[in-house]
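J.: Since the structure of chain X is already known, use the hints to place chain V on it.
Number of protein chains: 2
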Amino acid sequence: MDENSSFLEEACKLAINSVRNNGGPFGCVIVDSKTNEILASGNNIVTKSFDPTAHAEIVAIRNTCQKLKTHDLANCTLYTSCEPCSMCLSAIYWSRIKKVYYCFTKEDASSYDFDDSFIYDELKKNMEHRKVQFINIKIPDNNPFEEWKNKTDKILY
Amino acid sequence: MDENSSFLEEACKLAINSVRNNGGPFGCVIVDSKTNEILASGNNIVTKSFDPTAHAEIVAIRNTCQKLKTHDLANCTLYTSCEPCSMCLSAIYWSRIKKVYYCFTKEDASSYDFDDSFIYDELKKNMEHRKVQFINIKIPDNNPFEEWKNKTDKILY
Numbered sequence: 001m002d003e004n005s006s007f008l009e010e011a012c013k014l015a016i017n018s019v020r021n022n023g024g025p026f027g028c029v030i031v032d033s034k035t036n037e038i039l040a041s042g043n044n045i046v047t048k049s050f051d052p053t054a055h056a057e058i059v060a061i062r063n064t065c066q067k068l069k070t071h072d073l074a075n076c077t078l079y080t081s082c083e084p085c086s087m088c089l090s091a092i093y094w095s096r097i098k099k100v101y102y103c104f105t106k107e108d109a110s111s112y113d114f115d116d117s118f119i120y121d122e123l124k125k126n127m128e129h130r131k132v133q134f135i136n137i138k139i140p141d142n143n144p145f146e147e148w149k150n151k152t153d154k155i156l157y
Numbered sequence: 001m002d003e004n005s006s007f008l009e010e011a012c013k014l015a016i017n018s019v020r021n022n023g024g025p026f027g028c029v030i031v032d033s034k035t036n037e038i039l040a041s042g043n044n045i046v047t048k049s050f051d052p053t054a055h056a057e058i059v060a061i062r063n064t065c066q067k068l069k070t071h072d073l074a075n076c077t078l079y080t081s082c083e084p085c086s087m088c089l090s091a092i093y094w095s096r097i098k099k100v101y102y103c104f105t106k107e108d109a110s111s112y113d114f115d116d117s118f119i120y121d122e123l124k125k126n127m128e129h130r131k132v133q134f135i136n137i138k139i140p141d142n143n144p145f146e147e148w149k150n151k152t153d154k155i156l157y
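Read top to bottom, the protein sequences are chains X and V.
The working numbering puts the first residue of the first sequence at 1, with every later residue one more than the last.
The working numbering puts the first residue of the second sequence at 1, with every later residue one more than the last.
Among these hints, one or two may not hold up.
Since the list gives no way to pick out one identical chain from another, each pair is judged satisfied if it fits inside one copy or across any two copies.
[As the list claims (entries may be wrong)] 25 Å max Cα-Cα, derived SDA-like pairs, lysine to any residue:
id: 1; residue 1: K34; residue 2: P140
id: 2; residue 1: K98; residue 2: Q133
id: 3; residue 1: K98; residue 2: S117
id: 4; residue 1: K48; residue 2: D113
id: 5; residue 1: K99; residue 2: K149
id: 6; residue 1: K34; residue 2: D2
id: 7; residue 1: K106; residue 2: L123
id: 8; residue 1: K149; residue 2: E9
id: 9; residue 1: K67; residue 2: K98
Calculated from the structure, these hints are not laboratory results.
Given the structure is predicted, the values throughout are model-derived calculations rather than measurements.
The shape of chain X in the complex, shown without the other chains:
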């Protein structure tokens, strides 16, 4: 078994242990792309931790960032038991991770009643056709972007 398969197997084992410990069936490992060292991992703890954002990939990204004290994981590779949902995929982009290995596909997940394609579909729609209702109200004062623009010592991200 090559190293990539071995990290994926680790992610799947985390997912199985997650189920045994009342989490969701998803696991994720984040590896330093240069040294191939495991930095941190995560599993789905949505119901356990009362956090709808606590998918395996998000938990692993947060754990890795805490360990490295950075919000930038450009030098990391992510291994996940299952193809990421749109929230986790977006988080991967924000974290600047460049490479993702995955084991099970969205179709595999869907055959076990884990279906996130409806969110991908919603994201493609114009706002007025989405199931979540979006209402725009302009507030004349209080522009946070002007405050940002005028701040001289800001950390860009």
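T.: Chain V only, in chain X's frame:
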């Protein structure tokens, strides 16, 4: 000023305070849809907390869920200073929030160099055309979904 505008103004004020305290220029308030009581709030603390997922909406969703001890915010309305990015929008779907009020648009944000449209564009692409490289490797054993299927006392979500 009506109640919805007032909650949005509060979200914008949080965003301004966020900048003053070295966070990003985004704020969010989550309100009980029935009582119109503010449950919790959040602001962008990506660089401050070393967490690329710590956008205002995600922080507010996490804080509200912790307060209510649930991962389900179906009875809540979200007020955000700016139209959500794809990560936050997906998190809104996972949290089951049904209504979102926002003040500044994606175009407003973009004019201040906060541009998240590239992630929306990436999500629309097939995997092989994305900037993040995706590699699928099947692992013959270790199927977490089978573990889930066979678990009798699982909490569905």
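J.: Are the hints correct? Go through all of them and say.
T.: Going through the hints against the structure:
With identical chains, the CA atoms of K34 and P140 are never at most 25 Å apart, being 49 Å at best within one copy and 27 Å at best between copies. In this homomeric assembly, K98 and Q133 come within 25 Å of each other (Cα to Cα) only across copies, at 6 Å, whereas the closest approach inside a single copy is 33 Å. For a Cα distance limit of 25 Å, the shortest separation of K98 from S117 qualifies both inside one copy, at 23 Å, and across copies, at 18 Å. For the homomeric pair K48 and D113, the shortest alpha-carbon distance inside one copy (19 Å) is at most 25 Å, but the shortest distance between copies (37 Å) is not.
Taking the shortest Cα distances, K99 and K149 never come within 25 Å of each other, neither inside one copy (33 Å) nor across copies (30 Å). Proximity of K34 and D2 under a CA criterion of 25 Å is satisfied intra-copy only: 16 Å inside one chain copy versus 55 Å between copies. Proximity of K106 to L123 under the C-alpha cut-off of 25 Å is found in both arrangements, the shortest distances being 16 Å within a copy and 14 Å between copies. When the C-alpha separation of K149 and E9 is checked against a cutoff of 25 Å, the pair qualifies only between copies, where the shortest distance is 19 Å, while the shortest distance within a copy is 46 Å.
In this homomeric assembly, K67 and K98 come within 25 Å of each other (Cα to Cα) only inside a single copy, at 19 Å, whereas the closest approach across copies is 35 Å.
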